[in-house]
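One letter stands for each residue in the lines below.
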Amino acid sequence: NAGVTQTPKFQVLKTGQSMTLQCAQDMNHEYMSWYRQDPGMGLRLIHYSVGAGITDQGEVPNGYNVSRSTTEDFPLRLLSAAPSQTSVYFCASSWGQGGGYTFGSGTRLTVV
Amino acid sequence: EDQVTQSPEALRLQEGESSSLNCSYTVSGLRGLFWYRQDPGKGPEFLFTLYSAGEEKEKERLKATLTKKESFLHITAPKPEDSATYLCAVQPSQGAQKLVFGQGTRLTINP
Numbered sequence: 001n002a003g004v005t006q007t008p009k010f011q012v013l014k015t016g017q018s019m020t021l022q023c024a025q026d027m028n029h030e031y032m033s034w035y036r037q038d039p040g041m042g043l044r045l046i047h048y049s050v051g052a053g054i055t056d057q058g059e060v061p062n063g064y065n066v067s068r069s070t071t072e073d074f075p076l077r078l079l080s081a082a083p084s085q086t087s088v089y090f091c092a093s094s095w096g097q098g099g100g101y102t103f104g105s106g107t108r109l110t111v112v
Numbered sequence: 001e002d003q004v005t006q007s008p009e010a011l012r013l014q015e016g017e018s019s020s021l022n023c024s025y026t027v028s029g030l031r032g033l034f035w036y037r038q039d040p041g042k043g044p045e046f047l048f049t050l051y052s053a054g055e056e057k058e059k060e061r062l063k064a065t066l067t068k069k070e071s072f073l074h075i076t077a078p079k080p081e082d083s084a085t086y087l088c089a090v091q092p093s094q095g096a097q098k099l100v101f102g103q104g105t106r107l108t109i110n111p
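As given, the protein sequences belong to chains A and B, one line each in that order. Number 110 in the working numbering belongs to position 110 of the first sequence; there are no gaps in the numbering. Number 76 in the working numbering belongs to position 76 of the second sequence; there are no gaps in the numbering.
These are calculated hints, taken from the structure and not from any lab test. Being a predicted model, the structure only gives us computed values, none of them experimental. A virtual CB, placed ideally from N, CA and C, is assigned to each residue, including glycine. Check the hints yourself; a few may be wrong.
[Stated by the list, open to error] Listed below are the simulated DSS-like cross-link pairs for lysine-lysine, each with C-alpha atoms no more than 27 Å apart in a straight line:
#1 42(B) <-> 9(A)
#2 42(B) <-> 79(B)
#3 68(B) <-> 79(B)
#4 68(B) <-> 42(B)
#5 63(B) <-> 42(B)
#6 68(B) <-> 14(A)
[Unchecked claim] Label-pair ranges, simulated between beta-carbon atoms:
#7 42(B) <-> 112(A): 20 to 30 Å
#8 28(B) <-> 61(A): 37 to 47 Å
#9 72(B) <-> 18(A): 39 to 49 Å
#10 74(B) <-> 65(A): 40 to 50 Å
#11 15(A) <-> 72(B): 39 to 49 Å
#12 31(B) <-> 9(A): 24 to 34 Å
#13 9(A) <-> 3(B): 28 to 38 Å
With the rest of the complex left out, here is chain A (with noise of 0.2 Å):
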């Protein structure tokens, strides 16, 4: 049972390239959510899903877009990357509303 898989732990874009990080759990939940991390900023939530086939945004989506077509998978592109978009992207999966989230260990982006 390995819970949240991210991949790639670390990348560096330069600006206006696209690329998709990977976000791969195997509990079966049906919430997943990708969150960004900045100093001062505390976890923003970017977008979420409810179930395959189910998205919807969250506080800070500009310059994003995710799919959900399996349960497992939740994975997040960067359309044209900009410097503000460096940051420590997480992606977290829960079995239902009320549920604790399970984190993945983190992507570090920097877009130079």
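Could you slot chain B onto chain A? The hints should help.
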């Protein structure tokens, strides 16, 4: 607007010196309040969920309590391995898919 404020921002204690961390929250309706521990370079690790005022949960040297306006994380006789950043988050009743996090308390336990 849902909001979480944690205090203090940083706390240094000697090994064995008990203390408490505070999490004040404003939320339209509370479905749950969560405490996490985060070590440097790692993801948050789930500690507790509290659902209603008066509820308490314990795990080793940690005890979490909840009132209608705030939660406390009490640390009894801490050890150096308890050093970490402790995060508090609320899950609102409306929009319960999301967690609203505080900025965390960075706890250092000196041997």
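Hints violated by the structure (numbers, ascending)
Going through the list in order, the structure violates hints 3, 4, 6, 8 and respects the others.
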